[in-house]
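Counting with the numbering used here, you get residues 1 to 484 for the letters of the sequence shown.
Check each hint, because a few of them may be wrong.
In the BS3-like style, the derived pairs of lysine-lysine whose C-alpha atoms are separated by at most 25 Å in a straight line are [what the hints assert, rightly or not]: (1) K231 x K177; (2) K164 x K116; (3) K60 x K140; (4) K164 x K95; (5) K60 x K116; (6) K177 x K223.
Here are the simulated distance ranges between beta carbons [claimed, not checked]: (7) R345 x N441: 28 to 34 Å; (8) S411 x F348: 47 to 53 Å; (9) K60 x R351: 45 to 51 Å.
FYI, nobody ran anything at the bench for these hints, they're computed from the structure.
The beta carbon of each residue, even a glycine, is placed where N, CA and C say it ideally should be.
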Amino acid sequence: MQPKQKIMIKYSIISSILVFLLSHRTYSQNIEPIVSSYLGSEKRNYYGNEAPDTLALVWKLWLGEGRSPAYGDPNRMWKGAGWTGQALFIRENDKNYLIQPSFDYGLKKIDIETQKIVWEYKFDDILKGSPAIWENQNAKNSNEKYVIMQGSRRGADNPLDADKAYSFRAISYFSGKELWRMNVEQTISYSRDVDATVLVINDTAYIPLENGIFTIFSPDPAKAHKVGKYKEPLIYKEILYFNLSDTLTHGTNLETESAPVFLNNFVYTTAGSGRVYGYNTHARDTTWVFNIGSDLNGTPTVTYDNNLLIPVEKDYIPGNGGVYKLNPSEKPENSVVWYYPTANRKWFHWRGGIIGSVAVNDATTDSLHLAAFVGVDGFLHIVQHDQISGMFGIGTDGKTLIPMPELLYKSYIGGTISTPIFIKNKLIVALDNGLLLYRINKNASVELIARLDNMEIDATPIAVDGFLYLASRDGYLYCFGRKQ
1 MQPKQKIMIK YSIISSILVF LLSHRTYSQN IEPIVSSYLG SEKRNYYGNE APDTLALVWK
61 LWLGEGRSPA YGDPNRMWKG AGWTGQALFI RENDKNYLIQ PSFDYGLKKI DIETQKIVWE
121 YKFDDILKGS PAIWENQNAK NSNEKYVIMQ GSRRGADNPL DADKAYSFRA ISYFSGKELW
181 RMNVEQTISY SRDVDATVLV INDTAYIPLE NGIFTIFSPD PAKAHKVGKY KEPLIYKEIL
241 YFNLSDTLTH GTNLETESAP VFLNNFVYTT AGSGRVYGYN THARDTTWVF NIGSDLNGTP
301 TVTYDNNLLI PVEKDYIPGN GGVYKLNPSE KPENSVVWYY PTANRKWFHW RGGIIGSVAV
361 NDATTDSLHL AAFVGVDGFL HIVQHDQISG MFGIGTDGKT LIPMPELLYK SYIGGTISTP
421 IFIKNKLIVA LDNGLLLYRI NKNASVELIA RLDNMEIDAT PIAVDGFLYL ASRDGYLYCF
481 GRKQ
């Protein structure tokens, strides 16, 4: 063997060792997801550990803009981020990062200290919904150790009847590289987008797609298989979350947009067909269904007493929209604890009810258990969700009298589709024209302590270590809090 050959073999061996070490080096890194999914957890009731005392601007970062056809305009431009648009907050070796979806087609990993974009993965359309991060216990390399999953619209230049609509994808947290993509098949629903945030329990993932199909699959990239040019995840089961008869009332508006929640071995999902579905993970089938009839957009919230708070839109029902509290341990027909109807009001294309989700303070308090929501009617409502008031409201059928919760506070603030966030005694509400910060005092009085006007916000904020992070429709990601 010639000396040159020996050198080349030695170099090849060293290179192989370096590649192996580099691909495994992040296993020793300390990764702590503070906010790991939309509304924080599998119960969708956690929004961060500490809210700020002020809405002073600390920094802002341009997120960009993108084209996506809508409302008859093929060239409509969208700036920043929209509904639900909530970021993930990840601590990595004592450094803090955001994973932020945006309307420029990009999912971004952002260094909070420097406001620099570490990596950006581009989809084929504007990003909808919010991401989730999953730790892959069986990962064979660091690239697959932490998996981020995110949805988007079907593709800015992709027709509804296209062969493929890759509206849901998995990206490596460390590298920003694609791990797999899911095709959202065409159904009689008018949409092939993905607004929902995935729910992962152990090694099984659950997501409702806007084609109306509730999909159960493996998020593990090692189980993904090649279909054409791309890897697609292994799908265990698909369940249609609408009936053909629903087209008589809903037409093709049968999309499912909410994030599922997990409670007592059930995965609960609100569907555009007007039902709350409970998928039994033991029986591996949907065994609990509560029929409302409305177009349900908002994500359910799990309360400390193991009930569900369900936001209800006005469409397709004779009664008003509002909020249900359901006890899913009971049969569906016996599950209603209370209903809080909101006033009807035409706002954009909505006619009333709740579009976002209900915020609770359960995860950060052990005293007064509060729920906050803002209706299309523009009123902020704060109720004690575990207390019945003795008053009755009319249910969604327009005739049944149902107990109402104890109302603590009601104030007109303007419309929103964003979800408020509760942290300890602080409540933060993002609006179509501003941002409000409230404090709940010890005597249960509600005090507005800071506000910003002229901000168009559809996304949901998070608050960590006294700072608030929030994307706006003006194109920017904002950080608010006390300046250091």
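- Earlier hints that do not hold, by number: Those not satisfied are hints 2, 3, 4, 8 and 9.
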